[in-house]
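If you want the building blocks of each chain, they are given just below.
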Amino acid sequence: GENVEQHPSTLSVQEGDSAVIKCTYSDSASNYFPWYKQELGKRPQLIIDIRSNVGEKKDQRIAVTLNKTAKHFSLHITETQPEDSAVYFCAAPPFYNQGGKLIFGQGTELSVKP
Amino acid sequence: GAVVSQHPSRVICKSGTSVKIECRSLDFQATTMFWYRQFPKKSLMLMATSNEGSKATYEQGVEKDKFLINHASLTLSTLTVTSAHPEDSSFYICSAGTAANTEAFFGQGTRLTVV
Numbered sequence: 005g006e007n008v009e010q011h012p013s014t015l016s017v018q019e020g021d022s023a024v025i026k027c028t029y030s031d032s033a034s035n036y037f038p039w040y041k042q043e044l045g046k047r048p049q050l051i052i053d054i055r056s057n058v059g060e061k062k063d064q065r066i067a068v069t070l071n072k073t074a075k076h077f078s079l080h081i082t083e084t085q086p087e088d089s090a091v092y093f094c095a096a097p098p099f100y101n102q103g104g105k106l107i108f109g110q111g112t113e114l115s116v117k118p
Numbered sequence: 002g003a004v005v006s007q008h009p010s011r012v013i014c015k016s017g018t019s020v021k022i023e024c025r026s027l028d029f030q031a032t033t034m035f036w037y038r039q040f041p042k043k044s045l046m047l048m049a050t051s052n053e054g055s056k057a058t059y060e061q062g063v064e065k066d067k068f069l070i071n072h073a074s075l076t077l078s079t080l081t082v083t084s085a086h087p088e089d090s091s092f093y094i095c096s097a098g099t100a101a102n103t104e105a106f107f108g109q110g111t112r113l114t115v116v
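Residue numbers (our numbering), protein chains in the order written: chain S, 5 to 118; chain Y, 2 to 116.
Derived from the structure by calculation, the hints contain no laboratory data. Take the hints with a grain of salt, since some may be wrong.
Covered by chain S, per the in silico footprint, the following chain Y stretches (three or more residues, Cβ under 8 Å) [what the hints assert, rightly or not]:
1) 72 to 83
2) 109 to 116
Here are the simulated BS3-like pairs of lysine-lysine, each with C-alpha atoms no more than 27 Å apart in a straight line [said to hold, decoys possible]:
3) K41/S / K75/S
4) K117/S / K75/S
5) K15/Y / K75/S
6) K105/S / K65/Y
Backbone N, C-alpha and C fix where the C-beta goes; we use that ideal spot for every residue, glycine too.
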């Protein structure tokens, strides 16, 4: 089945710096790669996703890049702000996608220091 | 659109009792619902896949007799934690999807505390 590895587990940056979180996946048939932000005690919130037919997607300060050959995808946050502090998860569906089934990475606790 | 509501948001129960958690898709019909468990500072661990009108599919290591899942309609799935023990205390989250879509829509989560 699908295996998703995420690094780093913790990341501390100064306000205004960039943050990069990386994930690898195992199933070459996976075609959808979402990133979630989760605040303590809350549900995961989709912040950006990318499908396998594109290599990069941007939404204001957030971007995701995908390298299908290497089976990895990354989240880039530029001009970080204290409110970006949260836990971020990458995810990927198993090859036998069942409409929303996702396997999650281990998570990255991002801390943005003012 | 694509709203998923989960109840209760918090529940405290005594050891040995059972607790039911509901997951509803409010504005779409969910062909499949998923149940995840999350320990503090850990990732979401998929417990089971719930399909309307059929038996749930459990991930390896998840006790199906402990975590009973019922998906009675296209908008409702329930997770019942039977004979709860303190080690069952956790954050449980459901998500819902459709066959035509890879995106997942999450409920608010339920914080279960077994005392």
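Structure-based check of each hint:
| no. | hint | in the structure |
| --- | --- | --- |
| 1 | 72 to 83 | violated (count 0) |
| 2 | 109 to 116 | holds (count 3) |
| 3 | K41/S / K75/S | holds, 22 Å |
| 4 | K117/S / K75/S | violated, 32 Å |
| 5 | K15/Y / K75/S | violated, 46 Å |
| 6 | K105/S / K65/Y | holds, 19 Å |
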